[in-house]
Amino acid sequence: MKKAVLLIAIAFVYSILGASVSFAADFPSRKIDIIVPFGPGSGTDTTMRALAPSLQKVLGVPVVVQNIEGSSGLRGLEYASKQPADGYTLFLNNTTHILLEMQNLSPIALTQSFDPVACVVQDSVLFTASANGRFKTWKDVVAYAKENPGKVTVSGSSPRGVDGVSTLMVAKGAGIEVTFIPFNSGAEAMSAILGGHVDLGNMGPADAMEMIRGGEMNGILVTSEKRLDIFPDTPTTYDEGINVTAGAWRALAVPKGTPPEVISKLESAIREAYDSPEFQKWLKDVTLDQRPGWKDAKGLGELWQSELIYFKKAFEEIGL
Amino acid sequence: MGIEIIVNIVFLLFCVFCFIHVGVGVQPLAIPGALSGSAWPRTILAGLIVAVTLNIYLTYRKNHAPGAPREIPFKEFMPPKFILSFVLMLFYAIGINYLGFIVSTFIFITAFSYVIGLREKIKMIFGGLVSTGVIYIVFQIFLQVMLPRGVGIFREISLWLELLIQ
Amino acid sequence: MNLLDLLVAGANVVFTPTILLFICIGNVTGVIFGALPGISAAMAVALMVPFTLTLDPIGSIAFLSAVYCSAITGGGIPAILFKIPGTPSSAVTTFDGFPLAQRGQAGKALLLVLVSSAFGGIVSAFAMLLVSRQLSSLGLQFGPSELFAIAFLGLSVLTSMDEDRMLKTVISGLTGLLLATIAMDPLEGTPRLTFGFVYLLGGIPMIPMMVGMFAVSEVLKQVCNPTEFDKIDGGYLKDSPMRLSFSEWWGLKWTMIRCSVLGTLVGILPGAGATIASFLGYGMEIKLSKHPEEFGNGSLTGLCASETSNNAATGGSMVPLLSLGIPGGNSAAVMVAALMLQGVQVGPMLLKAQPTYLSSVFISMIVTNVMMVFISIAVAKMFSKLIKIPYYSLGPLIILFAAVGSYAAQNNTGDVMVTMLAGLAGYFMAEFKYSPAALTLGLVLGDICENNLRRAVMIEHGDMLNVFSRPITATLLVLCVIFIIVPIIRKRMRDKHALLS
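Chains as they are written, first to last, in numbering that gives the first Met the number 0: chain A, 0 to 319; chain B, 0 to 165; chain C, 0 to 500.
In silico DSS-like pairs for lysine-lysine, Cα to Cα no more than 27 Å straight-line: (1) K122(B) with K380(C); (2) K280(A) with K30(A); (3) K135(A) with K351(C); (4) K122(B) with K384(C).
Hints listed in this document are in silico derivations from the structure and should not be mistaken for laboratory results.
Chain A with its partners taken away, still in its complex shape (with noise of 0.2 Å):
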């Protein structure tokens, strides 16, 4: 009798073992997890729910999102770094990544921890005033602050973050000195450039286009070397002398030492799903990829490393 449950319990183990080895070729054969370190609801979130359904179709299995958020992003980081490297977990990482990463608030980098799969979107960074604020155009902003340093306040999330670097590389850029008045979410923040607390407002055009459109707001410059399809009255950074480009940028990645193969199919995979016409319809409605923002895997592990350079001297030049 106790010989037979000792070989059932092996017959039952060796399944589930069997069962769980991926092989390369047979890749995917289960669900695939793309981790979020974000909260439902954000841009990034949204992103990849709109990009799974996609993806899903392409791989043949089930891409479920998973939301794992705290500790700004950390707590996904540090999350998906443990899972096994088999290309069932892939990691949505963007710019704060690599600020995280800089600032040394964890063990765990995303470039030593992470191979790069496939970059997705692209963002530039708005800058806006109230339609009923003091400030119509960027060149009314620089006179003013000319005369009173540090008057003008820029609304925005995170002072260590994309908004609040641009911010300061915007200003350093162009003279002047600015106030920084990090808010909670975005909502708090268009609230206060409505409600005339704050005078101008640092987001992505995605945020603020319907703001544009429905006559609360303006535009009034864009971080990128061209000036934006949804937008060609806004001046870009380059238009006014300051050579600054900033901008979110939405990524997906691997553990490291998943095998190259499984890598090399995920990025094709992902590749076909952004170009697929759901994707792109949904892409030019809520306007995300206004640079379009798509790198493969090297692409994305150059893009790492080229933004640890840039903000390293950015947080140098800016005195952080």
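Keeping the supplied structure of chain A fixed, place chains B and C upon it in accordance with the hints.
Okay, now just chains B and C, sitting in the frame of chain A:
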């Protein structure tokens, strides 16, 4: 000295420590007059230090006044049942990371029922199985919450279960 | 479009078989999700978003607002029966709901909670329909300094919560405020009081703390001093009729009206939602009550205040969402994402192009607020059967629910540890009569208070006097001072009186 006073004193020391610690490594202010990162916590801590000190004094006076309530001895305050339950809870919180949800929950429920007083083995195991099962169904399947998978073989078991349900 | 046409158009959207079916399902799932501890209303809405992909955008929002309203209501069920807040907005409901249940009056408490919720929800729905534009302009007037004043007003309740143990309550409240500061400093971007723990960078999470301090500590208390549950009739609801006398209802009329208005106004402010509304409503009622000592011991007024305010916040948070595209709370933010997935962008143009959004949400909320009362009664009856389980099985089950609920909020096992530790802390605090409620108050309001004060000072470029002299801020702060000092004076006079007699 009563337990309450001891806890208060420990807390007071903690507050003083935090007060000093918070001021370490504070950035120079970009805006003159703005509140630095340590201003608010220090105000709170200052208030706490004053309040806790006052509290220690008043409690001491109350405990030593005539007609004061009897002091509860430590053993009665924290009976072994209590300590055991709490240790179990800690093990659960830590174990869930390594053993995964299913295994650690089953162990927890069974053991906790035993500690509180259940002695019939069948009821204990049945209760453990049913609780684990119900929660698993409600949270993992119904609500699509990814319950902890654990590491190693436990992870494989959890994944296998999730595969079954797909 | 005049109002009548608008309502007809909205009715056309809602009263179709598909949408009605979805609203029914939304109600049931909303109440159940809300009743499951740790699943907040925003999570409930987020979980229902995948189901909206088959609906058109207007229908989706009508459906999701139904889920939202019923989830906020559902949270009160376990709050009364088990002292576990089903959603953070029902934390205050535990203060008076659970004592009532312990006295065998769970049925009364439940009926009151449901009717108050419906009242608050309906009033805020009307406000949303009729005065959206005025309300959103009013909301925009509230900048950082005004938000600080409101949060501080909420904190000024500390001195009234337990007038005989003011010092201990203040200590708890200050501790809560201290705990709220442990995080990455949002205005500087540097860690503060985290002592190197990466977990603490995100701050001490609210739900695990609440669930731990109330529910888990209660279980620990039972382990030490088991109450004879069989002596209190097993079948809380069977022996507790769901009825309140007419005079009881009539006595609550002002509370319901006041709290509906307060809840709606608080809901409009981004960054303050149902949870803050319930705390502020409770605080307001303590201040205005002739019997503040009843609060925390099963006061009907306190219970009513909490649940009216948190449901009134639902309509309030839809106001800026629909008129400006700015979500007034977490659940509204999820609705923004749901619309985004359908390719619809929210903004000031939304209502101008499609005013039907407003009326369909209105009608959906009215239908929901009525439907959810009945659904909640059924769900509550289901839950109350759980009480019949003997405690050696029920206790572990409660802790399990608490643990998994805390985990589910952020998929973070560290939260489970927080729940357990909070349980221990809550037990000690309850034993020594330091109010855990005060700590929760500090924890919830600390963030808003501090960050907005610092923002206000930054905006005024360091000039604190300018911050405090803004009209709304100044009025609110004067009220705060009065609220803080009056109970202290009252107590002094009472003690003197007692000494003389």
